[in-house]
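Trainee: Sequence:
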Amino acid sequence: MSVKHVAMLMGGFSSERPVSLSSGNACADALEAVGYKVTRVDVGHDVASVLAELKPDVAFNALHGPFGEDGTIQGVLEYLEIPYTHSGVLASALAMDKAQAKIVAKAAGIPVAEQRLMNRFDFTSSHPMKPPYVVKPVREGSSFGVVMVKEDQSHPPQIITSQEWRYGDSVMVERYVYGRELTCGVMGDVALGVTEVVPQGHAFYDYDSKYVKGGSKHVIPAQISPNIYQKVQTLALKAHQAIGCRGVSRSDFRYDDRFSENGELIWLEINTQPGMTPTSLVPEMADHAGHSFGEFLKWMVEDASCLR
1 MSVKHVAMLM GGFSSERPVS LSSGNACADA LEAVGYKVTR VDVGHDVASV
51 LAELKPDVAF NALHGPFGED GTIQGVLEYL EIPYTHSGVL ASALAMDKAQ
101 AKIVAKAAGI PVAEQRLMNR FDFTSSHPMK PPYVVKPVRE GSSFGVVMVK
151 EDQSHPPQII TSQEWRYGDS VMVERYVYGR ELTCGVMGDV ALGVTEVVPQ
201 GHAFYDYDSK YVKGGSKHVI PAQISPNIYQ KVQTLALKAH QAIGCRGVSR
251 SDFRYDDRFS ENGELIWLEI NTQPGMTPTS LVPEMADHAG HSFGEFLKWM
301 VEDASCLR
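Position one of the sequence shown corresponds to residue 1 (the UniProt record's numbering), numbered consecutively onward.
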């Protein structure tokens, strides 16, 4: 397949719209620079008719969050028979559901933290698990709705049952894992370098530390022992394959080395639509492996297909 015309799917209507616009514009600029015709599509509910009229050779999926990352847009593209980047319908839906993804990862021998799935209205005056723990919406990205409960907190967080909560009624309560934030991208069937993410002025790697300038520091290669470095790469590739991802993914880990160098390494989740600006984690990892941003995106475009 000779790819000339790429539709850049970006924006959309999830909480992560600003992140997607940033990713999409960065990718569109870089793909134009290496010779592709790129049409930027700010995705709305009419996306199927827009794409049917455009007839691009490939759809580059730069959407983040629900609809773009959960198998929905992937299903639309399958129906339209337009080859697309990143993971297919099943892997996207599975990875977006943190609880289901953890079941598959655990079955594949990947270490995960203890958890329980709850309806947010079942939070009462007593803790659902011994603090410290983390409450996460089951189907959100970019750390939206993540609530940390510290050891000395006397009651569960009230925001979970309040009217302000807008991340769905199903939440995952997970044991808090102390330690360092490690992340590793996968490109096809190759694990890229391991990055340590050091939040600057934030308790953890939240939305602001991900996307606000100066919110975090990326250390690549992560300054950890060679055996832990290799273990992270092995587990990232194993998660990518177990969940059935295609193209590019990124797995996030916690590494607790307070008591020994081997410590505890826990897989948190896999992201099938990682950020795609030149300073985002996965493009940085690709650059570290010798792929310029333009080359990296060209590889993704040429890798696009249906039935992923």
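Some hints could be false.
To be verified - Calculated cross-link-like contacts (lysine-lysine; reagent style DSSO-like; alpha-carbon spacing at most 30 Å): (1) K231 to K298; (2) K37 to K298; (3) K106 to K231.
Since the hints were derived computationally from the structure, they do not count as laboratory data.
Trainee: Does each hint hold? Answer for all of them.
Mentor: Going down the list of hints, with the structure as the test:
| no. | hint | in the structure |
| --- | --- | --- |
| 1 | K231 to K298 | holds (29 Å) |
| 2 | K37 to K298 | holds (12 Å) |
| 3 | K106 to K231 | holds (15 Å) |
Checked against the numbered hints above, the structure violates none of them.
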